[in-house]
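First to last, the protein sequences are chains A and B. Last residue of the first sequence: 157 (this note's numbering), numbering continuous. Last residue of the second sequence: 1105 (this note's numbering), numbering continuous.
You may find that some hints are simply not true.
[Claimed, not checked] EDC-like mimics (lysine to aspartate or glutamate), calculated; alpha carbons at most 20 angstroms apart, straight line:
no.: 1; chain 1: B; residue 1: Lys648; chain 2: B; residue 2: Glu831
no.: 2; chain 1: B; residue 1: Lys648; chain 2: B; residue 2: Glu631
no.: 3; chain 1: B; residue 1: Lys1060; chain 2: A; residue 2: Asp137
no.: 4; chain 1: B; residue 1: Lys763; chain 2: A; residue 2: Glu88
no.: 5; chain 1: B; residue 1: Lys957; chain 2: A; residue 2: Asp137
no.: 6; chain 1: B; residue 1: Lys763; chain 2: A; residue 2: Asp146
[Unchecked claim] Under 8 angstroms between C-beta atoms, here's a sample of chain B residues computed to sit facing chain A:
no.: 7; residue: Phe545
no.: 8; residue: Asp546
no.: 9; residue: Ala726
no.: 10; residue: Ala1058
[Said to hold, decoys possible] Covered stretches of chain B (in silico footprint by chain A; criterion: 3 or more residues with CB under 8 angstroms from a CB of chain A, positions within the stretch not fixed):
no.: 11; stretch: 738–751
no.: 12; stretch: 942–955
Simulated from the structure, these hints should not be mistaken for lab results. Owing to the predicted nature of the structure, the values given are computational and were not obtained by experimental measurement. By construction, the Cβ of each residue, glycine as well, lies at the ideal position given by its N, Cα and C atoms.
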Amino acid sequence: MVTIELYGVARLRAGREVIEVDARSLGDALVALGAACPALERVIVAGGRLAPGWLVALNGAQITADLATPLGEGDVVVLVSADAGG
Amino acid sequence: MGRGGYFERYLRVDLGRPSAEHVPLDETTRRAVVGGVGLGALLLTRETPPGFDPLGPEAALVLAFGPLVGTPLTTSAKLAFVAKSPLTGRISDGLSSSSFAIAGKRAGLDAIVLVGEAAEPSIVLVDEEGAEVVPCPELWGRDFTISEASERLGKAYPEHRFAVIGVAGERLVRYAGIANEGRHAGRGGLGAVLGAKRVKAIGVRGSRPVPLADAEATLGIAKDLARRSLGPATEKYRALGTVANLSTFNRLAALPTRNFQASTFEEARKIEGEALHETRAQGRGSCKSCTIGCEHFFEVRPGQRPVKMEYENLFALGPLCGIGDPEVVLRASSACDELGIDTISAGGTIAFAMECAERGLFPAGPLAEEARDLRFGAGERMLVLLEDIARRRTPLGRLLAEGSRRAAEIVGGEAPSFAPHVKGMEIPGYEPRALQTMALGFAVGTRGADHNRSGAYEADFSGKVNRFEASEESAAHAVAAEDRAAVMDALILCKFLRRAMEDFFGESAEMLRAVTGLPFEAEELVRVGGRITLVRRLFNEREGWTPAEDTLPARFFEEKLPGGAAKGAGIDREGFARSIKAYHARRGLDERGFVPAEVARDMASLIRGKNR
Ligand code: SF4
């Protein structure tokens, strides 16, 4: 399982802090996220992609929007707003 | 009178004489720097002699408006306060919003320049005719809060809008700010510059409409921009405000904690924006003429006046000082606002003192005695210390009123290696080791460590660079971030609007054409951004800048981050030096970072101006 952590607007919209999904890539994880949280669709994830201004930090470290990023058991996808800084 | 956006003059007020004169502002100047921080930097340079004391009579304080203030464009009700900082000895500019900016512009002015020193504590009243310096013994030295002083001024002069200093400005605290209608030009000690001039407040009154070259086009752009300002790009600001940063930064291990000894805070959950909203939200506000409304108010205690909170206040008075009690942080933020001190510098300087106290570095005697119970997490102690600093009323308060750099020099030993500043300006809430393109932006910043004049953190959050390494690529991002910020702050528009604009320079040029009638183009505005940075650098060079200042405190090179997602991250000294060199090359500076002589020669007539 992969854990997706939500902060800020994403957390407010989804009404939850974490979601567990079965995913082998970032693209898979985002499809599962959109399905689990329709409130995020269009604004934060859009058809399995990240909406403009959104990225992820894989395990909280490097930041990417590359949908092909492979994910494995225990990985954590931290959803980050690109204007995280102000 | 030209076509629009400008009144083509500024008001120079000599407080010593006292006298006021209107000075023409030529089109070359307006085209070259647009307004706001660019105009402020130019006028500051023109109106002061080299090597002046920022707290002396030769110092100038410039209030510079942009061409857009007073137009229907959203978030345009802003002005820039510009002076030589008593904290850094380098240029400092602070932006502030509200009807003060609109009234000042509508006095028929593109800027106001205060020079000299009033003979006695006074207020300055500006209108379309000129200015008057009015003694105010009833306001000075009375220990009024900013709210109390503003209320008294509002009652006495109901037609004026006021910018006011607090007790900290009167006592020349080196990071005292200037407040107007709940907003603050906080950074760099501009309030002390005003205090040294014995000016408690500046009142402005004006009713001249700002001319629009093409009113219809301006209205069309304003409507479109207002619509876009309510889209997803600004949802964060409307829903949560900047306090939303805290939880994300903590997760990314980019949250400065305990004077930058760590970058995650174990009590973050108690003070994160999401929690504050759930338990304490008390409504939202906005600056004048703003459709976004990013101001969020929170309850301190039932029945008490709610307090406005932003990320920078929250991080500086919370995790940076090891404090996780939301009530204490809210009270501290409110105290800073009412005393008139910059929250980032206050938090940074107190966090530095907490570390000195824990390490036993204060020299035996009154300082060590007073710092006995100063520890990270000591919230009530911090609240008392804020008052001591603002009033300079105890030995430790007086020491810390000087800022962390000077305090570290006095404490001595290893203290300077962990005083959290660049050029004397305390570092805002972005851990440099976890966001290394931002670290570069901090190091080269003309006003010191600064997230508002360099939004280089955007590169760190973009996935385009490795956030744990400052590279030559970082240099390109740092230059671009500075240029864009300089133009936003010259126009002046709120930075929170930036993501609602797809083509920032193109759209800005279009706005300027509609408002001013001048044929601004996008490429020209990119050059304006670079030029403003060079004007600031030339001012700093004139005032003694050396390349050694463009760096970070030793801690960031010598200590690695201890935990969280950035565990083990540190800044490589050689790599960082290479990225600084790359920045110099991109910025068109010489190897050491000076403005090349031929560039300075080309800019000489612009810098000198025609009016002196
Ligand atoms: S977005 Fe916030 S800071 Fe910007 S103008 Fe609006 S209320 Fe003021």
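For each hint, the structure was consulted:
1. B:Lys648 with B:Glu831: Answer holds: Lys648 (chain B) to Glu831 (chain B) is near 19 angstroms, not above 20 angstroms.
2. B:Lys648 with B:Glu631: 13 angstroms, holds
3. B:Lys1060 with A:Asp137: Judged against 20 angstroms, a Cα distance of about 24 angstroms means the pair is violated.
4. B:Lys763 with A:Glu88: 15 angstroms, holds
5. B:Lys957 with A:Asp137: OK: Lys957 (chain B) and Asp137 (chain A) at ~11 angstroms, within 20 angstroms.
6. B:Lys763 with A:Asp146: 26 angstroms, violated
7. Phe545: Hint violated; Phe545 (chain B) Cβ to chain A Cβ min 33 angstroms, cut 8 angstroms.
8. Asp546: 33 angstroms, violated
9. Ala726: OK, holds: Ala726 (chain B) within 8 angstroms of chain A, min 6 angstroms.
10. Ala1058: Where the cut-off is 8 angstroms and the nearest Cβ of chain A is about 3 angstroms from Ala1058 (chain B), the hint holds.
11. 738–751: holds (count 7)
12. 942–955: Coverage by chain A holds for the stretch 942–955 of chain B (8 residues, Cβ < 8 angstroms).
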